[in-house]
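Protein sequences appear in the order of chains G and B.
To convert, note that position 138 of the first sequence is 133 in our numbering; the numbers rise steadily by one, no gaps.
To convert, note that position 8 of the second sequence is 3 in our numbering; the numbers rise steadily by one, no gaps.
Honestly, the hints are just simulated from the structure, not real lab data.
Some hints could be false.
Intra- or inter-copy, both count: the list cannot distinguish identical chains.
Claimed, not checked - In silico DSS-like cross-links for lysine-lysine, where the CA-CA straight-line distance does not exceed 27 angstroms:
1. Lys424 with Lys161
2. Lys372 with Lys125
3. Lys41 with Lys24
4. Lys251 with Lys304
5. Lys314 with Lys125
Number of protein chains: 2
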Amino acid sequence: MKTRQIPYKIYLSEEEMPRYWYNVKAHMKVQHEPFLNPATGKPCTKADLQPVFCDECIDQELNTSDEQIEIPEGIRSFYRTFRPSPVVRAYFLEEQLGTPAEIYYKFEGSNTSGSHKLNSAAAQAYYAKKQGLKSLTTETGAGQWGTALAMASAFYGLNLDVYMVKVSSEQKPYRKEVIRTYGANVIPSPSDTTAAGRKILKEFPGTGGSLGCAISEAVEKATSTPSCRYVLGSVLDHVLLHQSVIGLESKTALDKYGITPDVIIGCCGGGSNFGGLIAPFMGEKLQGKNDIEFIGVEPASCPSLTRGKYAYDFCDSAKTTPLAKMYTLGCGFMPSASHAGGLRYHGMSPIISRLYHDGYIRAVAVEQSKVFDAAIKFAKCEGILPAPESAHAIRVAVDEALKCKETGKKKKILFGLTGTGYFDLSAYKKYNDGEMSDSIPTDEDLAKGFASIPVIKA
Amino acid sequence: MKTRQIPYKIYLSEEEMPRYWYNVKAHMKVQHEPFLNPATGKPCTKADLQPVFCDECIDQELNTSDEQIEIPEGIRSFYRTFRPSPVVRAYFLEEQLGTPAEIYYKFEGSNTSGSHKLNSAAAQAYYAKKQGLKSLTTETGAGQWGTALAMASAFYGLNLDVYMVKVSSEQKPYRKEVIRTYGANVIPSPSDTTAAGRKILKEFPGTGGSLGCAISEAVEKATSTPSCRYVLGSVLDHVLLHQSVIGLESKTALDKYGITPDVIIGCCGGGSNFGGLIAPFMGEKLQGKNDIEFIGVEPASCPSLTRGKYAYDFCDSAKTTPLAKMYTLGCGFMPSASHAGGLRYHGMSPIISRLYHDGYIRAVAVEQSKVFDAAIKFAKCEGILPAPESAHAIRVAVDEALKCKETGKKKKILFGLTGTGYFDLSAYKKYNDGEMSDSIPTDEDLAKGFASIPVIKA
């Protein structure tokens, strides 16, 4: 093993934990276009959003001027139960690859939700409680977001209804059970608890549901219930803001050892992890203070950045949300089977989309069998069994390190290890049994998705 | 929340991590009786044990004189991937209980095996590799030990055959899959790969297997394969030695803040976690340097300390192992259904048994529904979903803290949180559905077990 001036894990002390989130929009020369109200075609106002979201989150969503936004003590207090998370120097992976590169990863998976999702769940539940609300609703597919929000709701004392895609609640009974254990109510969607659910049940009896339908039900429940709001786990600006705690901790940890990464890599589904990881580093880049390369990694089965269009589109497949200007495969795009449920999203965070459009971010799409190759290589030498989503970042970090082996460059690579794969073992089974396939959409598949993008008058 | 002079989590730096394990036997005035060879009735020699175990582990097993035994750099290096583990001040649990007590817990669950088992798996795999062996065998029931050994074997480059109780491999397919993902071979037991397995299959076709049978197969495979040894995850002295890293880290962390616990609590199955947690504190107590109360917690369904006999008995139900003097319910005792698979063991570590017999340890048996009450209370305020085994310690820590509420005493309570419950959600489901039962053996049940204890001539 190389001489270890840098410890295997860099932990921050409680005093070193961030007191402010980092709002990268304060340094963006060009802001992303505003959300549009689909009924009027006009930009959404705070009043448009208030029936759905908490007030404080809306203010954060619309804030383009303040670089620093304070993390209230009530949130920092809960953060201490699962943060700081370590920056790990992947000495054993480096050794196995025989690379001159230095590889670092920020590990967000050692909390019960198993991922970074808890960073924003904590904030959104806190603000709901502070606003005097009694309950929250949300949807969940793979279940990590539902688990995170159940944990946060239990901590702050809020009731929670989780609309879980019916087929997921049947295929992932244990995920459902974690959510129930934290006291939340899991409702397989479509359900008869909402008009939207009843309509779909009537039209398609026996359907397994969809994320789009679950969103519709959760929003309806929130807007029709007193003292209740809806919360979302990715895509939106305020979610990326909360996730900036990942990047801030990473930067403080690396700064302690005088390390500036040459490359930062993160997996990209809705963009919350990647946006949070890169936030403070990107802020500096936008000010000309560094020349870091940022790489967003998406699955080849759902390539919104690398093959999508930059257009106004609905955030959900049921076409109930405001319109966002983003890279999208079309709200009607159906990604083919993939084990990275958290990356199967047709769109992309408007912030990430804007930065990508303006050339600050590079995007790479990777095939899932190669992702699992890297995941297992990583697990065997670094110990952690990664989530399939996170393993997308591992794949590209390994590829970058292998390039360094060829060129002899000693690049410093930082990637985000967003979570663990403990609830994804059916995917690992497929891989272990040699039954994993890659499914890459054809141009015809994409064309069908693009046809679902609404036509907006300029 | 109370004034926080003590941080929520106390982490050690790499430099503060232990360089030596702590051998509590060096301070025991009375050693436990030696293992006996069942064929001869005479104490086991190193030569008796060498066909089964690694040489270095046997030396450690028989060492009663050295307080400090060095942890080789090759093990400390792997330890850095998942250690140090934090000592957490349970501020939120204290607040919810309204207790004047200070509650601390040492959390061993944030590695992929999900428990403390990796501490000894690492050491045993390292020594096997150092001895030039090619492969290891073991048995696993619930699967935590099998996972830990698969991780360690992958890290050190050893082949591993895990004999997994057939019914467990069917009921816990995901545990099996983690083990396979780390490259180990999982063999549902009984199998046709050993004479012991073939015999049982012939006598009981269609049987779901048992831990006793899996041990027999693993030992046979080890002793009949060149360059192969068998490894065990609990009970034995060298396993407790490796687990002393838990207690050593806890003591260093608490010493930094001038804290000496009044009570230390751990769950007790084979005794490896409890023995490791208390080791350095007990060593001081044996030297008259502290007056800490040590409480071992066992399930009411399998009460080896509180209702067992102190006698020589086989370590396995198949009666193939050396005889150990320990608290036992009889190697033929069948514990009734319980969700804490790791605590369903008829015997107890000879070290723990001796210390208990000599009055240095108190034991408490708790019912599983009350254990789950405490587990869920803990999860909701401290975030971590505990393993059912670990929750036994939570139950008694909560009870001690509630006593302090009555008496006004500000006791300092430390307990071991050995692992997470991510693979135990069928147990949580039972609890959430109101279907959990407590099953306490009757005196008649115990008498049947006691009848299986062999009669040893003095």
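To see whether the hints hold, each was checked on the structure:
| no. | hint | result |
| --- | --- | --- |
| 1 | Lys424 with Lys161 | both (23 angstroms within a copy, 18 angstroms between copies) |
| 2 | Lys372 with Lys125 | between (45 angstroms within a copy, 23 angstroms between copies) |
| 3 | Lys41 with Lys24 | within (23 angstroms within a copy, 74 angstroms between copies) |
| 4 | Lys251 with Lys304 | neither (40 angstroms within a copy, 57 angstroms between copies) |
| 5 | Lys314 with Lys125 | neither (31 angstroms within a copy, 62 angstroms between copies) |
Violated hints for the displayed structure, listed by number in ascending order: 4 and 5.
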